[in-house]
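Kindly produce the complete structure, drawing on both the sequences and the hints.
Heads up: take any position in the sequence shown, counting from 1, add 41, and you land on this note's numbering.
Read the hints as simulated data drawn from the structure, not as lab findings. Be a bit skeptical, because a hint or two may be false.
[To be verified] Below, in silico cross-link-like pairs of lysine-lysine (DSS-like), each with a Cα-Cα straight-line distance of 30 Å or less: (1) 894 x 1187; (2) 906 x 887; (3) 231 x 278; (4) 1186 x 968; (5) 472 x 1114; (6) 251 x 355; (7) 1045 x 1097; (8) 278 x 448; (9) 1200 x 472; (10) 950 x 1200; (11) 375 x 519; (12) 448 x 433; (13) 950 x 1015; (14) 1015 x 906; (15) 1080 x 1045; (16) 519 x 702; (17) 903 x 1097; (18) 1015 x 968.
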Amino acid sequence: MDARMEKMAQLLGDDQFLETVGVTTKSSVQGDRPPWQDFTVSDLVPANGLPVTYVNKTQGLLRVQMKKIQSKKVQTTEEWLRNYSLESLQLTLKHLINEGNIFLNSGNGVEEMEFTEEAVTDFESRLSEAIELYQQRIQWLLQDSRKVFGLIKGTKVGLMVDVSHMSSGPRLLDFQKDLLCLIDEQLRYKKQLYCLSFSAEISPLWESPKNINVHVLREARQWIQQLEPGQGCNLLKVLKRVLTMKELNSLVVIVGSCPDQTLEILSDYAQQHMLGRKLQTHAVTYDCSNPASLGVVKNLAEALRGRYHCYSSKGENFYSSDVDLLLQESQKAKDLLKSIKQTFQRRIRGSLISRIVDVSTEFGNGAPSSFLPKPLNHKGPLVIQTPGILAKNSTDWLKTNGLKAKKLNLYQVLAPSAFSPVEEFVPILKKTVSSTLHEKAMMQFEWCDGTVKNIHVDLPVLYNYQKLLAEMVRIYEKRIDWLSVASRRIWGSVCERRVVILLDTSVTNSTYIIHIQHSLRLLLEEQMSNKDYFNIIAFGSHVVPWQLEMVPSQPENLQNAWRWVLNLQCKGSRNLMGALRRAVEVDFKDKDKHKSHGLYLLTTGIPDQETHTISAYVTEVCRGFDLQLHICLFSVMEDVDSNGITPARYANPTETAIAFKEIVQAANGRFHWFGEAGIFESDDITVIVSEMEKANNYSQKCAFLVESLKQCSVNQSVNPFIPEGDSNMLLKKEKRKPQKLPSPKPTALSLARMCIKDSHGAERNASVKVLAWRPTSAKAEIPPAQTIKEWPQTQNKRKHKPRKQPAFSVSVFYTDKGRNVGTVYQKYPKVTCIRKSVPSVTLPKKEEICSSKEWLTKYSIKKLKLELPRLMFGPGCTHQKKTVKSLHKKVSAKYCTIFPSVEINGVVKHLQFQPKELEIYTEQLEKLLQRYIERIQWLLSGSRRLFGTILEANVCVLIDTSGSMDPYLPHIMKELTCLIWEQLRKNEVRFNLLRFAENTESWKECLVEATDETCHDAVQWVSKFHAHGNTCILTALKKGLSFQGIEALYVLTDGKPDTSCSLILKEIERLRKKQDVKIHTISFSCTDRRANEFLKKLASRTEGRYHCSFGDVDGQLAAHRMLTEGLDDDDDDPVFPCFEGDDLKKLTQEVAKARSFLKQSKSLRLLLQKWNISQKDNSGF
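Take a look at the structure:
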C-alpha cells in the first residue's frame, strides 16, 4: 500500500478526529452502503471487524474503515459552524461578562468588574481549544482530494470538467490523477453521477445520470484517462445541457481557464433555470493563474449561493469558501483572547479586576449587538463630522426609493399583460355570459382590488422583475445596516433643521449618566453640524436649559454644549411636561414662522405626568405646525438605581414603551427603543422591513405564476406514447356523452292510438287495450288515421298551468245573407293596461334599528316599484317586425314611427312615457336616493361607525386586546365608551363585556341591565384595558356563548386567530345546534385578506353580519357632498368607497343602482325632448 492509502486508513481509524472535523462516528447499518458493495469482500467481514478470507489484514482493515464512512454525513463549514462557532460554544465576551460581578470602587468612584481567576482561566483555555479545533478542521480540508477540489455535497452529482487548459505531458497526468482521487475518495459514495467534459463543444460520458455501481465507476475512470485537450471554454453551453436534468441536486464545475461568456450572462441564465430548485453548486478553478477566471468563478458561486474553491499547485492564489469561514472564526477567537489579556490588569486576592468602561468598550468592539458606545477619549473635545446631505426618515426615503416609487409594484409590472374577463349580454339567453377563451390561454391572478384578471405570463419579464426586487431588498438591507450603526442606533436619523434635545437626568439615571453623555457626544459629532439651530435641555425635577434660546449649529457652539453636558448631575424625578413646555414656549415660540422643527427626547423610564395628559398637550402644540416629537427610550437592566432610590412613577420596560408610543403617535413623531441587547423597536427600521416583506410577497406571487404556468403546460401536454391520431380519437371518446335517440315518426296506427288516448280520457282501461292492440292477421283492417292540427309532443312534455280565460258573454244571430252568423258582445272582457304609472313613495323620517337587509326589504328600489326597465318598458314597448310576403322582407309596425326608440340590453324598445312622467320618476328617485344617503350617514355616525348597529336585546361585546391591538387600544376604549352610552343604555339592552387575548376576562358573570350605575362601572372597567399576548378567539366565543339568555355576540378583532379557522367554524357550528346565537364580526384595521374572509364566514354561518370601518371618513365626506352639492353626474361627482361591511355594502349598492336609474331617466328625458322638437320641425309648425 502507498503512503496516501496508509494515511487514509490511519485517518479513518481515528473516530475522535472524525468527530472533531465534523464527521459523525455512529456505526453504519447494513442497508446504508451502496448497492454495488453487495458482492464485495467487505460482506465477509465479521462483526468484530476482522476478515476471514485469505486477504491480508491491512487490506481488510482498510475495507472495513472505508465501509464505515459510507453513512457518515460530511458537513460543509457553514453547517459545521452552526454547532462549533464561538456563539454556539458560548465563547464570546458577552458570555464572559455575564460571569463577572459589577461593583463601585470606593476610592475613585469608578465602576469595575470582578472575575474569579478560575473563570477567566477556564474561558481562555476553552478559547484556545476552539482555535485548535478550527486549525484541525482546516488541516482536514487541505488533505487529499478536498485540497484540490474542496468538499463535494449532494447525493446526485453532475461533474463538468473543462479541458481547454490541459496540455499533454505532466500537467495532464497530474490533472487526471487528481480527478481519479476525487472519484475514489468522494464521488464513489454518492447515489448518482453524471460526467461531462467541455471546451468549445461538450462531450458527455452518458446521456443521463447513472446510479453508481462498479461498472459506472469503471467507465468514469476510463473516461478520465481518455480526456484530451481542447480549445475554448463554453460554460454557457454546459449549463444549458446540465440544468435541464432535474435528477441532479449538486453541480461541480471544474474550470482551468476563463469562460467565453461574461459573468452576467452565466449568472442570469443559471439563476433563471434554478428558480424554485434546491440545487447545490460548487465551482472549482484548477491550477489557473488568470485573475479574471478566479473572479468569474468566485462571483458565479456567490450569485448562485453556492461554494467556490480555487486550487493552485504552486500554493498561490488559494481561496476556498469553507476555509475562509474557518479563518474568520479563528481570527475572531484570537482577537478575543488578545483583548481579554489586555483588559484584565491587576490581581487582588485571587480575583481579576478591570474597569467596567474598558470591558464595555471591548464588548462594543467584539459584539456588534452592543449599543452602549464609550469612546476612550471621553472628556476630550468633539471630533465634528460634516454630513453630506440632510438625512431623511424612512417614510420620506421610501417616497423616492420604495417599490412604488421605482415602479416595481407587482401590479404595475403586470398591468400591460392583465386583461379583465370579457362579459357580454346575450339577448337569446337574457343574461350576461363570460368568455372562457382567456381563462384557457392565460393564468388567473387575483388583483389588488379583489377581482380576478387573466395574466399573460412573460417569463423573461418576471425573471428580470425578481432580479430588480432582489436588488431593492439588498438596498433596504444596507439602509437597515446604516440605521443600526454610529449615533443612528441610539437617536435614529435626525432630519429637522431646528432641533431641541431633551435629556433625562433624573436620579434613577445616576448609574447610566456616562452612557447618556456618550450617546449625546456621538449625536453632536455626527448629525448636528448641518442643522440651522439647536439647544439642549436637561430635566429632572427641574428643567435646566443649556441656552436661553436656540443657537446656530456652529463648531464652537457644539464644543461648548459638550463641555456643559459633562458637568450634568442626576437629580430629582422626571418632569417631562416641564421640559416640553420650556422647549415649545421658548425655543419654538416662533414655530409658525419657520419649518422643520424637531424635539428629540432621550429617557430611561416613565415620566411623572400621566400619559394621556402629555398626549393631549403634544397633540395641541403640534397641530397645524411642522413640529414633531421623537422619543429614544434606553432600557436599563435594574428596576432601581444603585442607591436603592425608587422613581416617582414605576412601570416595566414594556409598559413604558407602550406609553411613549402613544405620545409619539399623538405628536406625529418616531419611536426608537434600544438597550444593551440591541435595538428592540424602531419605526424607521419597521417601515423598511415592511417594504422588504412586500417585495418578498411580490416575489412569491411571481413564483406562483411561474409554477401555475408550468403546471398548465404539464396538464396540456399530450402523452408521447399515443399517436397523434389516436390521441384525437381518445379525446373525442372522452368528450362524447350518451345521447337519447330521437323518437321515430309515428305511423297512422300510432296516431290513432294517441288520439284515442287523448279523446277518451275517462275510459282508461279501454284505451290501454286499444294501445296494446295488434292485428290478428294480415287481412285485419287498420283503423283510419284522424287529422290532427298539432304534432303531438311525445317526449319532454311540460305541464303548463291553464290560463284563466277572460269572462265575457256573446249573443249569436243570423245575417240576411245566407247562413252567415254575426255576434254581439253583451259583457266585454276586462282590458288590462300594460303601462304602469309612477308610484309615489312614502319613506320613514326616523331611523329604524334594523339591519340594512331588513330595511331594504321594505324600502328597496324593487320593493317600491321604481326600477326603470320594468316601469317604462313593458311587453307592449318591444319593437315589432313582421315578414311581408309580397315585399319578401320584414317591415316595422306602423306605430314604430310615432315613438322614439332606445336599445335596452340589446333589445330595441319604444319609449311611450311623456316628459312629465319622467320628471315625476326623477323626483321620486331623488327622494329615495336622499333617504339612502341619510341612512348611510346615520350608520357612519357615533359608535355605529366602528361597531355597527346593535340589534338584539341581549348581547355580549368581545374586544380583542392582544399585542397587535396596542396602537389602537386608546381609540377603541373611547369608541366602546360611546357604544355603552349611545346604544346599550339608550336602547336598554342587557349586555356584558369580555376582553380576550391569550386569556379571557369578562366584566360580569352574566348579562346585566343597562342602567346609569352599570354603564359607569363598565366604562371604568374598559379604561383599564392593556394589550398583550396572542389572539385566542375560540375561547372567547365559547365564554360568550355560555351566558344565560344571550342572543348575539359582537366580536371586534384586528386579525387572524392563532388557532385554525376551520376548527373555530366547526366548533361554533356544533355549539349553535344547542343554542341559536348570532355572531356579528367587526374587522378593525385588518389588512390580512384571509383574516377578513374568516370573519365574513363566521358571521354568515351564524346568521350574523360582518362589519368593517375601513373607508368611514371617505364615506362621510362623500355623503355630505352628495346631500349639499347634489348629483350632477360630473366627473368630480362624489362616490362612496368600496365598503366591505354587510350593512354599508348593501346600501351603497342600492345607491349605485338608484344613481344609474337616475342617469338613465335624465338621458331618456333629454332624448324625448329632442324627439318632440324634431317631430314639430318635420310637421312644419
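Which numbered conditions among the earlier hints are violated in the structure presented, ordered from lowest to highest? Numbers 5, 6, 8, 13, 14, 17 and 18 - these are the hints that the structure violates, sorted from lowest upward.
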